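S.K.: Here is what each chain is made of, one letter per residue.
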Amino acid sequence: MVGTVLIFDPTAPCQNEPKHLPPTLDDLRDKVVGFIDNSKPNFDNLVEDLAELLRSRYGASRIIKRRKRLSSHPAPEAMIKELSEQCDVVITGSGD
Amino acid sequence: MPRTLIVDPTAPCLNQPQQLGRTLDGLTGKVVGFIDDSKPNFNHLVDDLAELLVNRYGASKVIKRRKRVSSHPASDTVITELVEQCDMVITGSGD
Amino acid sequence: MAKRGPAAVAICSTAFAALGRAQATALGYPELPIAVIPHPFGSRTRDEVRQLAEQCIGEIVRLVCEAGPRDSSVVPNRSSLTERAALIKVPGDLDGLYSLFRERHWGDGLPVVPPTTERVERMLCHSHRAATEVVATVAPGFGAATIERIAANAVLAGCDPEYLPVLIAAVEAVAEPRFNLQGIQVTTNPAAPWLIVNGPIGKRLGVNSGVNCLGQGTCANATLGRALRLILQNIGGALPGEMDRATQGQPGKYTFCCAENEEMNPWEPLHVERGFAPECSAITVVGGASGTLNMNTHAKDADDLLRVIADTMAHPTSNDYWTGGEPWLVLAPEHAEILKRAGLSKSDVKRRLWEQSKMPAGRMAAKDRLRTGDARRAELGEIGPDTMLPISTQPELIGIVVAGGPGTHSVYVPTYGNSRSVTRKVVCNA
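Protein chains in written order, with this note's numbering: chain A, 1 to 96; chain B, 1001 to 1095; chain C, 2001 to 2430.
Please keep in mind that the hints were generated in silico from the structure rather than gathered at the bench. These numbers were taken from a predicted model, which means no experiment stands behind them. Hints are supplied without guarantee of correctness; some may be wrong.
In the DSS-like style, the derived pairs of lysine-lysine whose C-alpha atoms are separated by at most 30 Å in a straight line are [to be verified]:
#, chain 1, residue 1, chain 2, residue 2
1, B, K1039, B, K1061
2, B, K1061, B, K1030
3, C, K2300, B, K1067
4, C, K2425, C, K2350
5, C, K2300, C, K2350
6, A, K40, A, K65
7, B, K1030, B, K1067
8, A, K68, C, K2358
9, C, K2358, A, K40
10, C, K2425, C, K2340
11, C, K2300, B, K1064
12, A, K19, A, K81
13, B, K1039, C, K2300
14, C, K2350, C, K2203
15, C, K2358, C, K2300
16, C, K2340, B, K1039
17, B, K1039, B, K1064
18, A, K81, A, K68
19, C, K2340, C, K2358
20, C, K2340, C, K2350
21, A, K65, C, K2367
22, A, K68, A, K19
23, C, K2367, A, K68
24, B, K1039, B, K1067
25, A, K40, C, K2367
26, C, K2425, C, K2203
27, B, K1030, B, K1064
Reference listing, derived: stretches of chain C covered by chain A, where coverage requires no fewer than 3 residues with Cβ under 8 Å from a Cβ of chain A [to be verified]:
#, stretch
28, 2043-2057
29, 2133-2142
30, 2231-2239
All residues carry an ideal CB built from backbone N, CA and C; glycine is no exception.
I would like the entire structure built from these sequences, with the hints used as guidance.
M.R.: Next comes the structure, spelled out in structure tokens:
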């Protein structure tokens, strides 16, 4: 074969439109912080430590901790709804 | 459609065809060897065939040797022994 | 979470930061704040975790509070997200073509067949569906698997045009939520979808169900499994080392496809078991995740055979035991016959294996027993070392196909655990 040939691009662009994130907070004083524990080893310990620091050092008023049953499934709708209604910020994680 | 020359990726066998051992004109008085491949039931088949070869076909003697594992060749010692002592050797393959 | 209202931050260990960023982008949140902590994380001591928390808390707060206003002027050009696959001019010589495919990571490391318009159009003749029809969006990159793109990847893999309907059904199947393609694509496990073909189409396309059916040498087996992998990679965006985080992976990620040996199956074939008519053609996708394990046994007694198979299934590092999964067996025709002659139905075999493969939780590593407790507490109550763990939540979830040639070898296929197989009809042009 010589010259060039036309082929189909086998890849596909992402179908999800980029979205804007919610506005940032001024600080964490009196804010409600939620955690989605991905149930990977040690993440519960990290959540505990971060929660303590966010309260004692940054003035968060309340911490809500929720833990997924399995890391490889999304958090259930009920958990997402609860945290999005009650929290000013939600922290989650990924990794081993 | 234009044609292209390619290199054949396969290879012929390097082993030359060998002459088989002599055929026999009957089993009467002959010594029969068995190489049992140690697969399940082959030992039973050997026992039954040995009995028939002696009783029905007049073989004089049966030598049975069993491999330790089926996926290795029989040892040189076994091969030498059977080649020297037997008029025919029976072996097997399969599950 | 980011779309609902609260500010959101993700914490990723260093080895997973790239995945986190890519996944956030794929979900539509390229600006999602991500705080990075050193990997590995799971094996740290309690004190080390405390130190990590101290190290990253400042960054977390900064990301939430000081990340700056989002640029509201960035509006995506939606019109560029066409469903038509792009056409690209590439070198016409094979060396140039392979070099380009290597650079773009469009292949699996092996040479490919160029998806020219002629080849793709020949393939499209085998589906009545429009070329631009979206069969599914494929996790984790959420690219649109149109009929045309599926065909292009099928050509790449070396498929015959007649194979297209099988691949369309396979893409529909892996996209079903219960298959959990998202988890399978980005896991550290060596996950590889296994494609099983049933019905007349298997014979028609020459899909091997006998000797060496899980090995090399048959075009249909090799290229169908390969095409599915290329679709998951090229359309789904799971590139090794990027969103695909498999620690070692496994050879089944190149291809993993066979047909069921319906002639030698003493019971109903898999697709009939799942409610399809015998004369219907169907595929099943299974979230395999450990390769295959040879079960070489000369057991001739059904009880003995079931015992050794059950013993083989029970291993402490199994995802199936941890999550309550869906383990699979490929029974050799000879083994299936032994069980059938003993008067056992497929369902009896599943029930017996489920009972006999229960494993004391104490055989797991302590940390694995803890995570099993988290995952299966609702199902099994509190789990201690003496708790007998069933491999799946119910016997019916043990999958069985009969395949292979002569020989006393059955195959155990452990799975990802957090995935359920899906069977779909294969629709061919009349």
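S.K.: Now, for every hint given, state plainly whether the structure supports it.
M.R.: Against the structure, the hints:
Distance restraint check for K1039 of chain B and K1061 of chain B: the Cα-Cα separation of roughly 23 Å lies within the 30 Å cut-off, and the hinted pair is therefore satisfied. Restraint check: the Cα-Cα separation between K1061 of chain B and K1030 of chain B comes to about 7 Å, which is no more than 30 Å; the hinted pair holds. Under the criterion of a C-alpha separation no larger than 30 Å, the hint pairing K2300 of chain C with K1067 of chain B is consistent with the structure, at around 22 Å. In summary, the hint linking K2425 of chain C to K2350 of chain C is supported, as the alpha carbons are separated by about 24 Å, within the 30 Å threshold.
Taken as a hint, the K2300 of chain C and K2350 of chain C pair is honoured in the structure, with Cα atoms around 18 Å apart against an allowance of 30 Å. Taken as a hint, the K40 of chain A and K65 of chain A pair is honoured in the structure, with Cα atoms around 14 Å apart against an allowance of 30 Å. Simply put, K1030 of chain B and K1067 of chain B have alpha-carbon atoms about 23 Å apart, close enough for the 30 Å limit, and the pair holds. Pair hint K68 of chain A plus K2358 of chain C holds up; C-alpha atoms about 25 Å apart against a cutoff of 30 Å.
A hinted pair counts as satisfied when its Cα atoms are at most 30 Å apart, and K2358 of chain C with K40 of chain A qualifies at roughly 25 Å. For the given pair, K2425 of chain C sits about 28 Å from K2340 of chain C by alpha-carbon distance, which is consistent with the 30 Å threshold. Under the criterion of a C-alpha separation no larger than 30 Å, the hint pairing K2300 of chain C with K1064 of chain B is consistent with the structure, at around 26 Å. A threshold of 30 Å between alpha carbons decides the hint, and for K19 of chain A with K81 of chain A the separation of about 19 Å falls inside it, so the pair holds.
Note on K1039 of chain B and K2300 of chain C: the hinted pairing holds, with a Cα-Cα distance of about 13 Å set against a maximum of 30 Å. For a cut-off of 30 Å, the pair hint linking K2350 of chain C to K2203 of chain C stands: about 27 Å separates their Cα positions. Between the alpha carbons of K2358 of chain C and K2300 of chain C the distance comes to roughly 23 Å, so the proposed pair stays at or under 30 Å and holds. With a CA separation close to 24 Å, the supplied pair K2340 of chain C and K1039 of chain B stays within the 30 Å bound.
This hinted pair checks out: K1039 of chain B and K1064 of chain B have alpha carbons roughly 14 Å apart, not beyond 30 Å. With a CA separation close to 14 Å, the supplied pair K81 of chain A and K68 of chain A stays within the 30 Å bound. Between K2340 of chain C and K2358 of chain C the alpha-carbon distance is near 23 Å, which keeps this suggested pair within the 30 Å criterion. Pair hint K2340 of chain C plus K2350 of chain C holds up; C-alpha atoms about 13 Å apart against a cutoff of 30 Å.
Taking the CA atoms of K65 of chain A and K2367 of chain C, the gap is about 21 Å. The hint holds against a cut of 30 Å. Restraint check for K68 of chain A and K19 of chain A: the C-alpha separation of about 25 Å stays at or below 30 Å, so the hint holds. Distance check on the hinted pair: K2367 of chain C and K68 of chain A sit about 17 Å apart at the alpha-carbon level, within 30 Å; holds. A distance of roughly 9 Å separates the Cα atoms of K1039 of chain B and K1067 of chain B; the hinted pair therefore holds under the 30 Å criterion.
Distance restraint check for K40 of chain A and K2367 of chain C: the Cα-Cα separation of roughly 10 Å lies within the 30 Å cut-off, and the hinted pair is therefore satisfied. Pair hint K2425 of chain C plus K2203 of chain C holds up; C-alpha atoms about 16 Å apart against a cutoff of 30 Å. About 14 Å separates the Cα atoms of K1030 of chain B and K1064 of chain B, which keeps this hinted pair within 30 Å; it holds. Under the rule that three or more residues need a Cβ within less than 8 Å of chain A, the assignment of the stretch 2043-2057 of chain C holds, with 10 such residues.
Check on the stretch 2133-2142 of chain C: 4 of its residues sit with their Cβ under 8 Å from a Cβ of chain A, so the three-residue criterion for coverage holds. Counting residues of the stretch 2231-2239 of chain C whose CB falls under 8 Å from any CB of chain A gives 3; the rule of at least 3 is met.
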